[in-house]
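Participant: The lines below spell out each chain.
Protein chains: 2
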Amino acid sequence: MKTEDRVLGAIDVDGLLGSVSDLIEIPSVTGEEAKAQKRVAEVMREIGLDVDVWEIDLETLRLHPHFSMEVDRREGVGVVGVMGEAQGRSLILNGHIDVVSAGDESNWSRPTWKGTVEDGRIYGRGAVDMKGGLCCALYAAKAVLDAGVKLNGRLLVESVVGEEDGGVGTLAAILRGYRADGAIIMEPTELKIAPAQAGAHCFRITIQGQSAHACVRGEGVSSLEKFMPVYNALMDLEKRRNTGVKDPLFATYRLPIPLNIGIVQCGNWPSSVPEKLIFEGRYGIGVDEDVSEARRVFEEAVARAASLDDWLKKHPPTIEWWGGQFNPARTSVDHPLTTTLAKAYQDATLSGPVYEGVTYGSDMRHLVNVGKIPTVLFGPGDVRLSHRLNEYVPVDDLVKATRTLALTMMRFCGHS
Amino acid sequence: MKTEDRVLGAIDVDGLLGSVSDLIEIPSVTGEEAKAQKRVAEVMREIGLDVDVWEIDLETLRLHPHFSMEVDRREGVGVVGVMGEAQGRSLILNGHIDVVSAGDESNWSRPTWKGTVEDGRIYGRGAVDMKGGLCCALYAAKAVLDAGVKLNGRLLVESVVGEEDGGVGTLAAILRGYRADGAIIMEPTELKIAPAQAGAHCFRITIQGQSAHACVRGEGVSSLEKFMPVYNALMDLEKRRNTGVKDPLFATYRLPIPLNIGIVQCGNWPSSVPEKLIFEGRYGIGVDEDVSEARRVFEEAVARAASLDDWLKKHPPTIEWWGGQFNPARTSVDHPLTTTLAKAYQDATLSGPVYEGVTYGSDMRHLVNVGKIPTVLFGPGDVRLSHRLNEYVPVDDLVKATRTLALTMMRFCGHS
Chain A
0 MKTEDRVLGA
10 IDVDGLLGSV
20 SDLIEIPSVT
30 GEEAKAQKRV
40 AEVMREIGLD
50 VDVWEIDLET
60 LRLHPHFSME
70 VDRREGVGVV
80 GVMGEAQGRS
90 LILNGHIDVV
100 SAGDESNWSR
110 PTWKGTVEDG
120 RIYGRGAVDM
130 KGGLCCALYA
140 AKAVLDAGVK
150 LNGRLLVESV
160 VGEEDGGVGT
170 LAAILRGYRA
180 DGAIIMEPTE
190 LKIAPAQAGA
200 HCFRITIQGQ
210 SAHACVRGEG
220 VSSLEKFMPV
230 YNALMDLEKR
240 RNTGVKDPLF
250 ATYRLPIPLN
260 IGIVQCGNWP
270 SSVPEKLIFE
280 GRYGIGVDED
290 VSEARRVFEE
300 AVARAASLDD
310 WLKKHPPTIE
320 WWGGQFNPAR
330 TSVDHPLTTT
340 LAKAYQDATL
350 SGPVYEGVTY
360 GSDMRHLVNV
370 GKIPTVLFGP
380 GDVRLSHRLN
390 EYVPVDDLVK
400 ATRTLALTMM
410 RFCGHS
Chain B
0 MKTEDRVLGA
10 IDVDGLLGSV
20 SDLIEIPSVT
30 GEEAKAQKRV
40 AEVMREIGLD
50 VDVWEIDLET
60 LRLHPHFSME
70 VDRREGVGVV
80 GVMGEAQGRS
90 LILNGHIDVV
100 SAGDESNWSR
110 PTWKGTVEDG
120 RIYGRGAVDM
130 KGGLCCALYA
140 AKAVLDAGVK
150 LNGRLLVESV
160 VGEEDGGVGT
170 LAAILRGYRA
180 DGAIIMEPTE
190 LKIAPAQAGA
200 HCFRITIQGQ
210 SAHACVRGEG
220 VSSLEKFMPV
230 YNALMDLEKR
240 RNTGVKDPLF
250 ATYRLPIPLN
260 IGIVQCGNWP
270 SSVPEKLIFE
280 GRYGIGVDED
290 VSEARRVFEE
300 AVARAASLDD
310 WLKKHPPTIE
320 WWGGQFNPAR
330 TSVDHPLTTT
340 LAKAYQDATL
350 SGPVYEGVTY
360 GSDMRHLVNV
370 GKIPTVLFGP
380 GDVRLSHRLN
390 EYVPVDDLVK
400 ATRTLALTMM
410 RFCGHS
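Read top to bottom, the protein sequences are chains A and B. If you use numbering that gives the first Met the number 0, the first sequence corresponds to residues 0 to 415, in order. If you use numbering that gives the first Met the number 0, the second sequence corresponds to residues 0 to 415, in order.
In isolation and in its complexed conformation, chain A is listed as follows (with noise of 0.2 angstroms):
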């Protein structure tokens, strides 16, 4: 038998979608990853990894210049699986353990917090955003292990938090010296490989009105109404900027570049005009866009919709780029990492692989420029059904992903 052959009949699928469950029972929301990460390091050791845990020091991670975070974080812990040699070409597999919250739980037709597998999918929250791609890369080194085959090169299993507000695990990742020739996020691309991401900078708005008694309401001013028009001027900037994109690797998407607003907040009492309102979104950007340029128009959008309002001209609304703020990454198609991942993956799913870049931001921004690291995402499951309720991710793409990714570490890092 072929030694990738051996290597491939290992995989321990039952064993892979126990694992997904038992991290979906553990919630992890953004901020609170220290029980998630401690059984994943658990886990590690079960397959026969060398773990490194520790904790984040976040004083000194909040001095650089890429650092962002929204939550009031008060610790993190970085997890970080080794096996392989120091002789080949060494290979990060990267995946966030923090979910996002579960929205209104009452609206799920399934357990928030608890796999469930049914109908061939695993649901629950961070299914497939993304336990599911991160038990991928446990279990294809798992079933290099089990079949006592030695990589070359070393590789690395990330286990991340605070993915979702900034990246703050994956930086921590690098700060401690955490780099290789390539790096592959299981982030959930449906088993596409991107090796282009959009950016998405998030922000923060906040429109001043004057209160009044909601009885002479027209003798104050609604920061609701005042919020209209920097909100048509949003909604313009957005179907504007998404009509130029002309990458062959956003070709599919409606929205390359959305705009995105997901928290308002306004006033503090039914009969008072509200004085102020707040609103917080996320800003997408072109893969090869200029940062500041892209700032720079979103703040004109909301300067002249201020301009042409006779109250937000003298009280023009702030704007803080607060929280997430992901900037694009690209890595050739033709780099050996995204070759060697294609090839494997049409020989361990017999189809052929499809290139697409994704919208999302993701922790390999912070791989690509702050670690310099050639980097690509794939990843089991769909993004659309992420942040979600009744977020899943396909068991069948879960066993496709854990071979691609076998065959990727070892064709990557060689083997003996």
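Rather than coming from a laboratory, the hints here were simulated on the basis of the structure. Worth double-checking, as some hints may not be accurate.
All copies of an identical chain are treated as equivalent in the list; a pair is satisfied when it fits inside any one copy or across any two copies.
Cross-link-like lysine-lysine pairs, in silico, DSS-like; alpha carbons within 30 angstroms at most [unchecked claim]: (1) K245 with K312; (2) K113 with K149; (3) K113 with K275; (4) K399 with K34.
We have chain A already, so just place chain B on it with the hints.
Facilitator: For chain B alone, coordinates are given in the frame of chain A:
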């Protein structure tokens, strides 16, 4: 010296201003009035009133058909000060001790919770709405007592809680048996006589969307986007309703029956399409309008907007009538209460009385509709300054109101 002149001469202006400031220093936001009520009872005793202080039985009150409340109240204290005999007409002077929250205190140019006398005004939360008016009643009673005058009829000074969110305090006083031949509420009418008030029902509307990751926001449904047609429909409704108001008591109002949206809460993560938007507001109702019909018109406007949107058609907004439900009320301009007050105002201030309806809800509806007590609003200061930063009441108004109330109680109740 004529008796009336002796009473007017006995008005303790320094004491009046001091008491207003004292009460402003006790933050008595709706639901947390116990400490301020205790202080009012002390002042009443110092003045020489017989004081009834009682713990309101909220559980029993909750069953009353006119009960309405927004805050999560744990307790409520009733305070009524009584003087005079049972021979003449009885009069209630009603003022609420609760105030709305401060809003953003950093925007106040003077202390929020401290009475600051400056430029002939007292500044601070509650100055005009309506600790100022309440103190006028107390100091009018004090002047009568200090001048050694005995009223033939009972005078009842009521300090009530929970006016801002439904009138639980005044309802409790009525149910405790406090009735009279007339009532004046010292709400800020700029010393105009208000024998009519529009109603106001608070509402909450929930708009359901569908969450999605911001990077594929077109695949979710933004509850904010779906709020827009409902918002526009309600603003249109407000415009239409306010063009049809003919009552001369409301001729000066640009919006006699305003529709205010006071709170919007939407979404919980900048990078998620917001799944749910909840907004709350206050719907003005005309003085002689049928309340059920007014609600029907409102509900129909929301339903019509929803019917024109494919998503909202399938996921119709839900409407709750919740919190303050202020029905309209009216007292004849020819009633002896109204005419006595008007003449007293003329004699006390040497200016002609002005009649004007008010657009805000107040406890008038409970006194009129539940207690069957003819009621008029009359008090110092401008309601436009209430629920607003840098709220103040003019000292001159406080003095004029106190003089007017002193003459009114003497003439309405009779005296010896």
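Participant: Which numbered hints does this structure break?
Facilitator: Checked against the structure, the hints that fail are numbers 1, 2, while the rest are satisfied.
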